[in-house]
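Here is what each chain is made of, one letter per residue.
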Amino acid sequence: MFKLRHLAAVVALGTAVGLSAPVFAADTYIPLISKGFQHQFWQAVKSGAEQAAKDLNVKVTFEGPETEAMVDKQIDMLAAALAKNPAAIGFAALDSQAAIPLLKKAQAAKIPVIAFDSGVDSDIPLATAATNNALAAGLAADKMASLIGGEGDVALVVHDQTSRTGIDRRDGFVNQIKAKYPKIKIVSIQYGAGDQLKSTEITKSILQANPNLKGIFGANEGSAIGVLNGAKELKRKIVVIGYDSGKQQKAAIRSGEMAGAITQNPVGIGYKTVEAAVKAIKGEKFDKVIDTGFYWFDKSNIDDPKIAALLYD
Amino acid sequence: MSTDLSQTNDVSLRSLRAALFDSAAGQLLLAFASLIVLVAGFGIASPNFLQTDNLIGILQATAVNGVLAVASTYVIITGGIDLSVGTLMTFCAVIAGVFLTYWGYPIGVGVAAALICGALCGATSGFLIAKMEVPPFIATLGMMMLLKGLSLVISGTKPIYFNDTPDFPVIAQDSLIGYLVPSLPIPNAVLILFVVAVAASVVLRSTVLGRYIFALGSNEEAVRLSGVDTDFWKIVIYAVSGAICGIAGLLIASRLNSAQPALGQGYELDAIAAVVIGGTSLSGGRGTVLGTIIGSFIISVLTNGLRILSVAQEWQTVVTGVIIILAVYADIMRRRKT
Amino acid sequence: MTALIEVRNLDKSFPGVKALRSASFTLEAGEVHALMGENGAGKSTLMKMLAGIYSWDSGEVLVDGAPVTIAGPKAAQALGIGIIHQELNLMNHLTAAQNIFIGREPRRRFGFLDEGKLNFDAAALFRRMNVTIDPKTLVGDLTVAKQQIVEIAKALSFHSRVLIMDEPTAALNTAEIDDLFVIIRDLKAHGVGIVYISHKMDELKRIADRVTVMRDGETIATLPAQSTPVETIISLMVGRELAHAEPPKVPEIQGDEALRVVGLSRGRALRDISFSVRRGEILGFAGLMGAGRTEVARAVFGADPIDTGEIWVRGAKLKIHSPADAVRAGIAYLSEDRKRFGLVTAMDVEANISLASVMRHRRAWGFLDFPSLKALAARYVKSLTIKTPSTAQVAKLLSGGNQQKLVIAKWLARDSDILFFDEPTRGIDVGAKAEIYKLLQSLADQGRAIIMISSELPEILRMSHRILVMCEGRISGELTAAEATQETIMKLATRTHVATGTARGGAHGDEHGPVANE
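Chains as they are written, first to last, in full-length UniProt numbering: chain Z, 1 to 313; chain E, 1 to 338; chain F, 1 to 518.
Worth flagging that the hints you see were computed from the coordinates, not collected in a lab.
Think of the CB as a built atom: it goes at the ideal place given N, C-alpha and C, for glycine as much as any other residue.
Check each hint, because a few of them may be wrong.
[Stated by the list, open to error] Have a look at the derived ranges for each label pair, beta carbon to beta carbon:
hint	chain 1	residue 1	chain 2	residue 2	range
1	F	Gly111	E	Met145	50 to 56 angstroms
2	Z	Ala108	E	Thr317	28 to 34 angstroms
3	Z	Ala209	F	Gly111	43 to 49 angstroms
4	E	Met145	Z	Gln107	55 to 61 angstroms
5	E	Glu314	Z	Asp55	22 to 28 angstroms
6	Z	Ala108	E	Ala312	27 to 33 angstroms
7	E	Glu314	F	Arg360	54 to 60 angstroms
8	F	Phe110	E	Thr317	36 to 42 angstroms
9	E	Asp53	F	Ala378	51 to 57 angstroms
10	Z	Asp27	E	Asp53	17 to 23 angstroms
11	F	Leu113	E	Gly156	57 to 63 angstroms
Turn these sequences into a full structure, and let the hints guide you.
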């Protein structure tokens, strides 16, 4: 057993040293602490950051907690990132207030902080690279309204009721409907943790309960796929609007099962974050708010090179 | 208790070997040695690892999981399991938030409310297990979900911030030690972890409660047939474990300056992993608090060290999984020998 | 004629223990060879080697005159050696046939199981053994005796020529033992060699051809079973002459009434049980296995619920809902299964002795009073002569007799004065038995009330002032020490209330031969 323990430690360290070798080659190191790392969206942000790192000749790392609820795990990651004496830090806060002591520490150590994705409620970050989620969801509401003819019942399947993106997309959609389309009724808002299977079950129960439902908005990739699956299993024809991209959503839009979706510019978020960080290190000027934009895409423009560049598989 | 085995006067080579490899004390020694090896290894691999800031970061990262793991240790030694420690922690944090932020009570009241709430929820699990004979796995699984839901309901699915009680975040974030030794700004959360651990260890070794925790884990029916009210003691044990989760809830709320209602699920698995790595047997009857603390540190040193070395996150998870399997395997080997 | 099995000078050491020293013995085809010895004498070790569970350090084993190695249970099976452990290794949720052929199920094409052939083959085995068991019955639904037959059938299905039986009758009643012996004699007639491990001298006389006595890992002597007196065998086993049992004591006890039970009933298990026991009295509870004696003790002790009935302790009527209530009233229950119901075997001697009384050795805030606990443990280790290196020794490392003393110490430490002993000497070797008897006697002399449940009639006859006999959940009769004989007890034990077929008629007292302690 003693030997095994040792072996494990040696293997762990060996793996660690082997995998980390490239990092030590870097002069300028910028860790990005994100809200997650498993979803395709975050992988796209990561690839944007890596692209920028290559273009600007810096080294980046990218990590985030397993779920968006793990606020304290993210704080630990931020602490470890700071311990590595980085040149700058990119940070997408799960909870801004919880991170403030560490952000102050970064400020004291003169490490520039660039916020990305949903931003940080603090004046410490020098810039924020993000999508305006509320506006984007409002666009989704407009599209939904025109696709169902301006009246009828619709529903939402949202990934989370506590996270900023969940709240913004939900409220952005709901407020737009309430303000502009009095004949459209929102009959149900349900939360599926962004899990495809859970969202599928939720969708089926919504459809069972509302035989006249005309459309559902899935507020992130997992939710949207769940909505599609649920409608398919019950053989119901409804207008499905999604969010973000990914292989399945793209295929569904091409085949017409999904009317369309909002895409952010995740690659751009990653790229712009690193770009702003490098500018901050060099003392160059940059915008405080970096709107990375969002776009509606459907069957008609999915292969448009401008859109296709924003989509990920 | 079984650690005393090594004190028998037979000092033959075999008993020495047995003391090292088979006994609980030996397991502790090995776990501690593994921890030292990890720290040394990471220290050599990266100059950033052994810096004070980072070491304090590790201590702080261990505080919450360490306290939860201590809570789980009691239950696991009785041969039970508690899957609700993570969400119970969150629930207690939310209760503290409700008392302090929503209702404006003084901090002492909020702290007491969180601890009492933890004890009551623990006692509820204990009641389900002892009196209604629901298997611990199921009873605490139910509690886990129930408490997660209640946290969301009570908080209105939003984090509750402690901005009106600026003294509350101080509990975990300030450093008493730092006042005395300015070069060692170890946050109070860590101090609290050690106080909890020492107290829990003393209770386990030197009180009637501790005696019954081991006895229940070794042979519950024999204890019942010895005239001990096992139902009552089980409820007490789960209640104490729940109160310790309440401490964890206060720590995390104080550290994050907020009660995060969606957090907590999954933390029970980290706690169980720490307990197991520390040499406590999942089949009950054997274990130490010290081992659990060492187990918690092994997990957080590993996590932090791999991060410092910028190992890809996917691989960090793989390594942690391997370590847990090895630890359980070691436990099984040990049991096969005796 | 070469022996079926010949064991020559086997040695085996476990860390710190020499388990076998130059052990030798032979087994002929068609003989029942009994292996006797105190617990720890090396019987099980020797047999586990033949069954491929342990390997030997030096020496050799010959099967049909040819030296062999037995690398594992599979190798033992290939050599035709089958073993039936004391604790049966059956899967309760499978049928008898499925158990017998587990891992070797007959198959049809595409890997489908041939359930028909499986049951047919099992039925054939049972027919060969002259027993009637439906191969399709779930093993969990069979009696222990029938389960044992399934184990034997399983061993035979490997075409075993050697069958090792480790205390096969430990859990059987008299009638079932008779049935088992019929099977054994039949196997013998078919040339199977049987190694029979037992503590019971009467069985030895009834079934064995030869007996080999083991002591401290050595094979002391091999003797003809029928012509050797029991005393000789016992003295070889213990290595000393046993002091003869003391004569029966004064039959009438005039102490105050300690416990009275009136009209205790629960379902079909307990029907209208009434009895009383005085201070200083040993009340024997005799009966066949399953007659309800353990159930009486557990019901009075609050371990199982009752439907109706009153319990009076020292003249006061009590409600006993749990063992905690009973213990508070000074009642103790010492189960036959000490490891499961009496001890926390993973904990040390001190923790076990203080298990029922630890609340009396605490200080403020629930802290344990360690000096007081240590003193308590040391006192009972001394007064009951518990053999242990220290009070910090883990209970599972003690021998059966010392474990029993540990349980007794637990109750004495709690000042219990009404003690139910359920099979107090089960699994305890001959030497230690005498000590337990002395202990029971002295507990009674101190004024405690003892209720002793035992299936060993000589034990009941020797110890009891008064004897209650149970049959099918009822008390079928009461005997004074003067009236009681093996015959009178057996008559009452088989006197079923309504004539049903459950108590089979074969149990006659006269089949009990000379017994160990007389």
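Status of the hints after comparison with the structure:
Between F:Gly111 and E:Met145 the Cβ separation comes to about 41 angstroms, which falls outside the hinted range of 50 to 56 angstroms. Separated by about 32 angstroms at the C-beta atoms, Z:Ala108 and E:Thr317 satisfy the suggested range of 28 to 34 angstroms. The beta-carbon spacing between Z:Ala209 and F:Gly111, approximately 47 angstroms, falls within the hinted interval of 43 to 49 angstroms. As the Cβ distance of E:Met145 to Z:Gln107 is approximately 40 angstroms, the hint placing it in 55 to 61 angstroms is violated.
Range check, E:Glu314 to Z:Asp55: Cβ separation about 25 angstroms, and the 22 to 28 angstroms hint holds. At about 30 angstroms, the CB distance of Z:Ala108 to E:Ala312 agrees with the hint of 27 to 33 angstroms. For the pair E:Glu314 and F:Arg360, the beta carbons lie near 57 angstroms from each other, so the given range of 54 to 60 angstroms is met. Distance hint check: the CB atoms of F:Phe110 and E:Thr317 are about 41 angstroms apart, consistent with the given range 36 to 42 angstroms.
At about 54 angstroms, the CB distance of E:Asp53 to F:Ala378 agrees with the hint of 51 to 57 angstroms. Z:Asp27 and E:Asp53 have their C-beta atoms about 22 angstroms apart, which keeps the hinted 17 to 23 angstroms range intact. Between F:Leu113 and E:Gly156 the beta carbon distance is about 58 angstroms. The supplied range of 57 to 63 angstroms therefore holds.
In summary, the numbered hints that this structure violates are 1 and 4.
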